[in-house]
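Visitor: This is what each chain is made of:
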Amino acid sequence: MEVFSDFQCPSCRALFLTTNRQLMDNYVTTGKVFLIHRDFPLPMHAYSRVAARYARAAAELGKIEPVERALYENQDKWEQSGDVDGTVGAVLTAAEMTKVRALVKGGTLEPLIDKDFALGTMYRVSSTPTTVFHSKGQTYPYSGAMPYETLHQFLDQLLSQK
Amino acid sequence: MMQSSPLNFRRAVIWIGRLLLGGIFVYAGYSKIFLPNANLWPYFILKFSISMNLSNFATQVEAFKMLPPWGVQFVAHALPFTEIVLGLLVLIGWRLRIWASMLTVIMFGFFFVVLRAYLLHMNINCGCFATPEIIGLRKVLEDAGMSLLAVLMTYFAFTEARQPHPWAAGEARQAQA
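Taken in sequence, the protein lines are chains A and B.
Residue numbers for the first sequence follow the numbering used here, so the first one is 9 and each next one is one higher.
Residue numbers for the second sequence follow the numbering used here, so the first one is 21 and each next one is one higher.
Here chain A stands alone, though its shape is the one from the complex:
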C-alpha cells in the first residue's frame, strides 16, 4: 500500500490517527501488508511541504514515528502559526533537532519529495490521502480516508485472492 499524503490535510490526519494505527498493528507488523508513505504536499497548503521536509529529515534519523504523530496531532496549531519547527522540536532532543534542521536546510530532501510527487502524478493522484494498493500485479488507487472496518474487509478479500 502506498499512501500519498499531505501533513496539512485534515483527511490525512483522520486516516493517520484512526485507521493507520490499527492497520499497522494488524497487517503491517504481521507482514501481511507493506505500507509506504509518499509525500504529496498540495500547493494549496502553505506549510505542507515544510512539514514534509521535517518528516523526511526525522526519518533519516529513525525518528519518523514520533514526528509524524506530532505533526498530525498538532496540525490545527502549526497550520495557523506555521511553526513546524517548534512542533517537531517538542518531540526530539536538542541534538536530534540540530541534525534535522541541518538536513532541512541542506536541500537534499527536496528531490525526494518531488520524486514522490511525480510518482503520485503518474498514478493520477489529485487529492490526499490517496492509497494505491498493489496486489497480484493489479493496481487499485483509492482517494479518501477509509474507515478501518471497510479497509479490513477489503484487505482480507484482497489477500485471499488467488
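Any given hint could be a false lead.
Taking lysine-lysine pairs in the BS3-like style, the calculated list, with each CA pair at most 25 Å apart, reads [claimed, not checked]:
no.	chain 1	residue 1	chain 2	residue 2
1	A	K113	A	K123
2	A	K71	A	K123
3	A	K40	B	K67
4	A	K107	A	K123
5	A	K40	A	K144
6	A	K144	B	K67
7	B	K85	A	K85
8	A	K85	A	K71
9	A	K71	A	K107
Just so you know, these hints were derived from the structure itself, not from any lab.
Quick caveat, the model's predicted, so the values are computed rather than measured.
On the provided structure of chain A, position chain B as indicated by the hints.
Guide: What follows is chain B alone, placed relative to chain A:
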C-alpha cells in the same frame, strides 16, 4: 389526427426544468456513488469503491457542521440514491407535480446550506459532485438559479394540470359539435 400539444412558455419551462434538473440530479447521485473511485470489478472491489465514495461524501457533509454523526451518515448514504431516483422520475415526467415538489424542497435545502457556508466563510467543498469544488459566490448563484427553475417548473406543472389537455379539449369540441 392527434396533434402534439402547443409549446407555450409554461411548457417550455417545464421541459427545460425536467431535462436540466432531472439530469443534474441523476449525475449528482451517480458521481457521489461511483466517483472518484471507479474500480468496478470484481464485486468486493466495487463494494469497496462505493463504500469509499460514500465515506468521502460523508466527510464533505460533516464539513458543513450542521448534523450530528448519525445524521451525517444518514444523509451520506441516502441522498445519492434519492437524487438518482428523483432525477429519473422528473425526467420521465410521471406524476410530475409530486416529484417536482420534492425536488424543489431538496433544491432549496441545497441552496440554504451552500448560502450558509458562504456567509460563514467556511472554506469547504460543496460536495455536490465528485470533483472538489470550493463554495464561492458562483456556486451560490448556480444553486439560486436552479432553485428558481425548480420553483417555476413545479408551479407551472400545477397550473398546466388545471388546463384542459389540447387533445382532450379538441375531442370535447368535436363531441359538442
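Visitor: Is the straight-line distance between the alpha-carbon of A/K144 and that of B/K67 25 Å or less?
Guide: The hint holds at about 19 Å.
Visitor: Can you confirm whether the C-alpha distance between A/K71 and A/K107 stays at or below 25 Å?
Guide: holds, 12 Å
Visitor: Given the hint that A/K71 pairs with A/K123, test it: the Cα-Cα distance must not exceed 25 Å.
Guide: holds, 21 Å
Visitor: Holds or violated: are the alpha carbons of A/K40 and B/K67 at most 25 Å from each other?
Guide: holds, 22 Å
Visitor: Is B/K85 close enough to A/K85, meaning Cα to Cα at most 25 Å?
Guide: holds, 20 Å
Visitor: Does A/K40 pair with A/K144 here, judged by a C-alpha cut-off of 25 Å?
Guide: holds, 13 Å
Visitor: Does A/K71 lie within 25 Å of A/K85 when you go C-alpha to C-alpha?
Guide: The given pair, whose Cα atoms are some 21 Å apart, holds under the 25 Å limit.
Visitor: Against the 25 Å threshold, does the CA-CA distance of A/K107 and A/K123 hold or violate the hint?
Guide: Distance of about 23 Å is within 25 Å: holds.
Visitor: For the pair supplied as a hint, A/K113 and A/K123, confirm whether the alpha-carbon distance does not exceed 25 Å.
Guide: holds, 18 Å
Violated hints: none; the structure is consistent with every hint.
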